[in-house]
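Residue numbers (my numbering), protein chains in the order written: chain A, 1 to 491; chain B, 1 to 491.
One thing to keep in mind: the hints can contain errors.
To be verified - Below, simulated DSS-like cross-link-like pairs (lysine-lysine); rule was C-alpha separation at most 30 Å, straight line:
(1) Lys94(B) x Lys100(A)
(2) Lys137(B) x Lys100(A)
(3) Lys72(A) x Lys418(A)
To be verified - Stretches of chain A that chain B covers, calculated by requiring three or more beta carbons in the stretch to come under 8 Å of a beta carbon on chain B:
(4) 117-127
(5) 161-169
(6) 207-219
(7) 320-334
(8) 344-357
Said to hold, decoys possible - Which chain B residues stay away from chain A? Per the calculated CB distances, all over 12 Å, these:
(9) Gln49
(10) Asp139
(11) Phe140
(12) Asn145
(13) Asn326
(14) Leu378
(15) Gly397
If you're looking for bench data, these hints aren't it; they were derived computationally from the structure. What you are looking at is a predicted structure, and each value in this text was computed from that prediction instead of being measured. Think of the CB as a built atom: it goes at the ideal place given N, C-alpha and C, for glycine as much as any other residue.
Below, each chain spelled out in residue letters.
There are 2 protein chains.
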Amino acid sequence: MSQHAVNGASCRGKVLTLETINPRVKQVEYAVRGPISQRAMQLEKELKQGIKKPFTEVIRANIGDAHAMGQKPITFLRQVMALCSYPDLLEDDKFPEDAKKRAKRILDACGGRSIGAYSASQGIECIRQDVASYIEKRDFGISSNADNIYLSTGASDAIVTILKLLVSGEGHNRTGVMISIPQYPLYSAALAELAAVQINYYLDEDNCWSLDVNELRRALSEARQHCNPRVLCIINPGNPTGQVQSRQCIEDVIRFAKEEHLFLMADEVYQDNVYAKGCKFHSFKKVLFEMGPEYSDIVELASFHSTSKCYMGECGFRGGYMEVINMDPEVKAQLTKLVSVRLCSPVCGQALLDLVVNPPQPDEPSYTKFMKERMAVLSDLAVKANLTERIFNTVPGITCNPVQGAMYTFPRIALPQKAIDKAKEEGHAPDMYYCVRLLEEEGICLVPGSGFGQREGTFHFRMTILPPTEKLKVVLQKIGEFHLRFTEEFL
Amino acid sequence: MSQHAVNGASCRGKVLTLETINPRVKQVEYAVRGPISQRAMQLEKELKQGIKKPFTEVIRANIGDAHAMGQKPITFLRQVMALCSYPDLLEDDKFPEDAKKRAKRILDACGGRSIGAYSASQGIECIRQDVASYIEKRDFGISSNADNIYLSTGASDAIVTILKLLVSGEGHNRTGVMISIPQYPLYSAALAELAAVQINYYLDEDNCWSLDVNELRRALSEARQHCNPRVLCIINPGNPTGQVQSRQCIEDVIRFAKEEHLFLMADEVYQDNVYAKGCKFHSFKKVLFEMGPEYSDIVELASFHSTSKCYMGECGFRGGYMEVINMDPEVKAQLTKLVSVRLCSPVCGQALLDLVVNPPQPDEPSYTKFMKERMAVLSDLAVKANLTERIFNTVPGITCNPVQGAMYTFPRIALPQKAIDKAKEEGHAPDMYYCVRLLEEEGICLVPGSGFGQREGTFHFRMTILPPTEKLKVVLQKIGEFHLRFTEEFL
């Protein structure tokens with residue numbers, strides 16, 4: 001028996017404890033599914049058990065989960081998924097011919113004609129070709145190459161993979177990554193896990209959460225004192241802030257990235273979610289190529305998309321892709337190797353993505369219904385975006401920018417000093433305390449602004465605009481009433 | 001303009017190059033999808049283009065991808081997946097009642113009754129309960145708690161997640177992880193990425209690739225000189241080596257883990273793939289609890305399972321789960337937080353897993369067909385396991401252990417010194433050179449033993465036993481002929 005055995009294992013306690021765990025894991029935070037969301041789940045269970053609460057249901061406005069909020073799946077997408085799952089249905093007259101055609105094409109591209117086979121690690125080739133065609137069409141003819149497309153498990157997976165490639169160096173030489181504040185906390189979580197240096201640049205709340213290149217310069221020059229900034233991340237349309245970047249601003253950012261030798265990561269998963277008049281989605285890829293070869297031959301860009309948002313809202317399928325531009329071929333080989341370790345992204349998600357990028361065409365039988373369903377979702381979201389801004393801005397102490405795009409609002413809330421003190425007493429960030437109280441009293445689950453980052457001394461929450469219109473009205477009204485009650489309590 | 005801009009970005013080259021990439025990523029290797037597999041893909045394309053080759057098709061025996069090798073999906077599983085994808089089919093008379101019942105139950109547990117909603121990060125609760133019931137039944141009543149079950153994106157995802165938690169310390173204090181040699185290269189790849197110390201213990205080829213605790217002791221005591229060994233990984237049934245561990249050996253391993261204060265990771269994805277007479281699958285969980293509270297209250301264990309192997313072979317769905325035993329509650333909270341950053345595993349994979357752990361029962365309409373299909377796959381594999389061993393052992397220079405379980409054979413090949421020299425000339429490992437030649441000459445794609453690790457001076461390859469029986473016979477014969485030809489060439 002070894003020395004260690006003689007010492008007796010039982011006295012030593014567990015191998016894996018909070019003291020011995022990977023310290024980087026401890027640093028990770030992800031507010032969207034943090035303690036508030038867990039408490040919401042518990043409250044739902046208690047309601048089911050018949051325990052009385054001041055509300056009859058929990059409304060989860062904390063996460064961009066369209067179907068959970070009652071949005072119906074698009075018929076065409078699900079018909080093809082059923083056909084791919086159980087190809088005997090290809091003989092069934094009830095399915096339209098274009099759905100069958102898509103299913104056959106996908107199955108033909110699968111090993112053994114089964115979506116149960118592994119795909120190539122980069123993704124099924126004909127789907128990558130369809131993605132490339134989709135991008136070309138979206139970007140008015142700017143060419144896209146299927147070799148630059150990597151299918152992924154949602155967008156999160158691809159974002160983390162690219163960050164993983166970019167992190168290196170130690171001490172002052174450690175990779176720094178610029179992210180917006182407020183940010184989507186996947187970024188801060190991934191940076192914590194990779195022990196990269198997070199460089200905050202602040203969006204301008206007074207200008208509709210716009211991005212100012214001078215602020216990028218400030219953040220970069222400060223960061224150069226203590227790390228090696230190599231990456232600039234942009235979310236457009238914005239999460240959690242709902243702004244849509246102007247073409248001019250994108251151009252400025254690209255120029256800045258080139259000047260400062262930064263790798264650009266463009267999170268464009270809300271590219272179909274643009275509501276405000278005068279706003280339009282411009283992809284970084286398109287603007288980059290419109291700026292001419294002086295930029296488009298040089299600036300390295302990865303752009304991310306997903307099946308989870310836009311009109312589909314198919315989060316559970318975990319489908320997504322990224323396009324990489326100007327990536328060194330040797331680096332691409334490393335990327336392909338790295339993704340191969342996980343074998344492939346879910347084939348159902350790949351198949352669903354194919355339908356998103358290759359939807360029914362005007363001469364196909366499913367076209368009319370598909371377009372009707374798609375438009376219904378998007379116009380509904382536009383109505384709700386407007387409604388949200390309008391109602392919030394009637395509440396004294398709540399200030400809400402227009403929801404130009406995406407599916408969130410990030411209003412600012414004025415909190416009395418006594419509420420701030422009370423929160424500190426309870427060991428909470430002030431807006432966390434606010435959100436906890438709202439959840440306990442009204443059954444409405446939001447995420448506090450502190451989970452996304454915000455300017456010191458300001459407080460916010462993120463709310464999705466996804467609840468059905470009538471329910472959203474009630475939610476907005478209840479939040480308004482709560483806000484007044486809460487504010488009065490601490491005056 | 002900043003100093004950096006003045007220097008001119010274009011002269012500086014790319015941000016991300018092989019020199020500036022994360023050095024840990026460069027260390028990652030994954031032979032199963034390495035250069036051989038990429039060359040196979042290229043050869044397939046060339047064949048399609050009509051380019052003449054010495055063969056008419058490429059046979060991919062490099063990866064455990066059952067459907068790609070012609071295995072048909074199990075009807076019941078796919079019927080339920082179609083119903084979940086397109087719930088209008090619930091009205092269709094063609095689907096059996098038990099399939100509809102399963103689909104309804106899964107949909108009821110989804111947000112908005114849609115598999116397009118995110119699930120809880122740990123996985124859908126009723127599916128975790130079904131997994132727990134399955135484990136209890138498998139382990140003859142030893143209790144399992146749904147709170148200890150985490151649904152995952154295949155088994156790989158969960159394995160990497162647990163390793164991630166366990167890695168800490170620097171220098172001599174860095175976490176060491178014991179893995180078998182030969183190993184499944186997910187392990188070495190994950191350890192490279194996490195910069196953990198890989199501790200090799202060798203399986204005993206002369207004893208049917210069995211595991212000897214003395215060898216564990218040797219490896220551990222050497223490793224203690226330079227790192228902090230905290231984890232012991234076991235693959236049972238074995239990949240790539242196809243052995244099935246005896247109950248006694250599992251007991252010895254558990255005792256060793258307790259004595260040496262090691263966290264146990266049991267990769268049990270081939271638990272239904274046992275063919276050899278006298279061999280039986282014993283889960284680590286069951287043996288641990290049979291050893292009494294002195295062990296079962298203390299030893300920390302994570303066990304992994306997947307939808308990709310066994311009789312289902314549903315690799316593309318990326319379904320899987322892990323059960324954690326004796327995990328510190330604070331660590332579990334960290335684990336839950338960590339998986340929440342990726343939101344959830346693919347819901348289609350979760351649903352499919354539910355059917356695997358909750359298959360049709362004897363009183364249900366799909367039972368007979370389900371059992372017939374299941375048995376057909378497993379008995380077919382048993383025939384092929386036997387065939388493979390028998391035929392390989394008739395070839396002078398090939399020595400093949402019985403394929404007791406899993407779906408691979410890892411025969412040893414004797415290579416003439418001149419072949420070894422030639423390989424070195426070409427910059428290949430000798431068995432890589434052998435496999436490249438086999439691929440180019442016969443269109444058969446295998447993975448060289450060097451991709452899994454092997455004792456210095458020995459050479460092997462891994463081959464799946466998945467091709468249909470008649471094709472497998474041809475493959476085995478062709479490899480035999482190639483081996484003789486290759487050996488003669490270098491005598």
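For this session: Check each numbered hint from earlier against the structure, then list the numbers of those it violates in ascending order.
Result: Of the numbered hints, 2, 3, 6, 13 do not hold.
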